[in-house]
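Number of protein chains: 2
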Amino acid sequence: MIYMDNAATTWPKPRSVIRAVVGCMEKYGANPGRSGHKMAVQAGQILLYTREMLCELFHLHDPFQIIFTYNCTDSLNLAIKGSVLPGDHVITTSMEHNAVIRPLKEMEKHGLELTIVQGSPEGCIDPDDIKAAIQPHTKLIVTSHASNVTGTVIPIEQIGKIARSCGIPYLVDAAQTAGVLPIDLSRLPVDMMAFPGHKGLLGPQGTGGLYIHPKIKLRSIREGGTGSQSESVFQPDMLPDKHESGTINTPGIAGLGAGVRQILKEGQSKITSHENRLGKLFIEALSHLKAIQVYGPGDQSKRTGIVSVNIGNKDSAEVANLLDERYDIAVRGGLHCAPLAHQTIGTLQQGSVRFSYGVFNRLDEVKSCIKALEEISRE
Amino acid sequence: MIYMDNAATTWPKPRSVIRAVVGCMEKYGANPGRSGHKMAVQAGQILLYTREMLCELFHLHDPFQIIFTYNCTDSLNLAIKGSVLPGDHVITTSMEHNAVIRPLKEMEKHGLELTIVQGSPEGCIDPDDIKAAIQPHTKLIVTSHASNVTGTVIPIEQIGKIARSCGIPYLVDAAQTAGVLPIDLSRLPVDMMAFPGHKGLLGPQGTGGLYIHPKIKLRSIREGGTGSQSESVFQPDMLPDKHESGTINTPGIAGLGAGVRQILKEGQSKITSHENRLGKLFIEALSHLKAIQVYGPGDQSKRTGIVSVNIGNKDSAEVANLLDERYDIAVRGGLHCAPLAHQTIGTLQQGSVRFSYGVFNRLDEVKSCIKALEEISRE
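Residue numbers (the numbering used here), protein chains in the order written: chain G, 1 to 379; chain B, 1001 to 1379.
Misleading hints may appear alongside valid ones.
Stretch-level coverage of chain G by chain B, calculated; a stretch enters the list once three of its residues show a Cβ under 8 Å from a Cβ in chain B [to be verified]: (1) 9-17; (2) 149-157; (3) 240-247; (4) 303-313.
Taking lysine-lysine pairs in the BS3-like style, the calculated list, with each CA pair at most 30 Å apart, reads [what the hints assert, rightly or not]: (5) G:290 to G:265; (6) B:1109 to G:139; (7) B:1314 to B:1367; (8) G:105 to B:1139; (9) B:1038 to G:314; (10) B:1139 to G:109; (11) B:1027 to G:27; (12) B:1105 to G:105; (13) G:371 to B:1105; (14) B:1027 to G:265; (15) B:1367 to G:27; (16) B:1109 to G:105; (17) G:139 to B:1027; (18) G:270 to B:1027; (19) B:1109 to B:1215; (20) B:1027 to G:38; (21) B:1109 to G:109; (22) G:367 to B:1038; (23) B:1265 to G:27; (24) G:38 to B:1038; (25) G:109 to B:1081; (26) B:1367 to G:38; (27) G:215 to B:1265; (28) G:27 to B:1139; (29) G:105 to G:131.
For the record, the hints were derived by calculation from the structure and aren't laboratory data. Bear in mind that the values here come from a model prediction, so they are computed numbers and not experimental data. Even glycine gets a Cβ: it sits at the ideal position worked out from N, Cα and C.
Model the full assembly from the supplied sequences, consistent with the hints where possible.
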């Protein structure tokens, strides 16, 4: 099988990730931070190890600025609902995933004010449009780092500078870029960054995280036992405990640590180059096929390893099925949980056939995909 | 090592659980419910399989009444925050874990009214006290099924009958009883039941669930992509999607399915009897040791396999350390994330040394624990 659905979850996982999950379950499968016995202490250490790996990857120095969550959606809900209230104004873009749009739309029902800045047909966001949308009561700007539909990279540095200059917290959804593009949080004007553990970071599903800048104070959205300040009926205020109630997915976090370690060993820039090379080849080859429409920027430096296409007006889900059944190529067809992005690029009816590369994809696999699309487009 | 910390998380996990986790990651590690390719469909099937296993265990027939969550704390936050609003009145008990108390205390700051029914020094709750606390604006009754400090079983059937007769939803926290005691939800007057996947159900950490009775309509607390109604910027209203935003911990749920299958194969009542036998032996032996105080009911039929003790006025955390270092016995000392329960039994200062049995504990291990306590108490 040719797996081209890495934007949904990366596959396969490195052997080291699976070994770390199993090792944790077998050898130190206790509850971290609760009891004081050896195995519980070891379980606590693996959480710290993974936080440290993430700090190295994202150029941070305080591991407790990284909160572990259920998934990137959980991180985004925490960042959004922990920082804004009814009456506040939030700016986001038309390129967002429903993990950003749906919590905001839910809050809008209860009095949140929302401005959705429109992207270009290629999925690009103009930072000046963000600037123009700022109001005196704007309390949060949220954008993805790259679209999950078109792979278009959003200019987070420029947007962050605008946010900083106005004193507005800036939240980045790195669902499609953590482990895919180099991210230097010591330098970028980003106040919160939500990321999944199971996509570019190569960890298991059931893991996610939120980076929180020291100046940001979030309200908790999930209270409960934290293993700390056990004498109190109130949620502790310190990080990461404040936002990590209940038992953490320790084996998952162990796996995530191994995934990030793999990226550090390989080198982020090498991984980025590899995925860009595949993307470039794919887009160039498709540009010669008249029946095929490629969405997003033509220039690979403006996109990630996600390429959404359509063949004439063929149903995108049907094309995805054909690729699966006839060619054993796994892609995602239809709508990709981002209706406004589809509207922006004009595919709300048709959806799109999304190819998404990962670190383990090879050139010959990309060539097989091109060949398959060519054949289907000739039918 | 003798592992006696099963109330925090069960260990070891059955081989079948670890195999299921690895099998999922290796063979069908796609994102369930998102794409339509073979591997994504297989991933979706394992979620359904685990829901069906849970239905068999809890005597339910609709697998979509089971919501998968991050952990039991996440389930409790959903059940509480999804059903009550500022101004509403909620009844709970002094025997609750902070996973119940902290969300309620947080909501109390914003106008929720809260009555905490006092337990007896043995941790028992009198259903009549619950009845007496009911007010016209009572919108929820929440109790645990058994205390995580004393193991005291709460009379959920009687409390549920009272709740039903007044038309008030009843939420049960089964953190210490799912997979430990037989639970028949086709018969019990329970409207919601939160449970962890990684304790009595023998699954991996990072898994939990919430059973929701068909008559209960909860608001969502975490919105995002669900793989369904992708054309909409609003959260879908159907179950389980409404409450399952973002990528589910698929390998964890695969492991949970294997854990529940193991319980069904073994038989819940056999497991319950085994743990009760160990508890009974332990309590009886300790009753002959004058220096040792055992908390909770003396009658094993009124408790689970959790036994909290203290030796004179020795620091409970120090005793736990001694057990770990000198005897290689893993227990939890100090406070167990349930300050009101400690207050109720009079151990808020001293905490307690908590032994908690699991299905894999043996009689000779219990005897070793008794011997160790005997020796420490003589010092």
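> Any of the earlier hints contradicted here, and which numbers?
Replying inline: Violated: hints 2, 4, 5, 13, 17, 20, 24, 27, 28.
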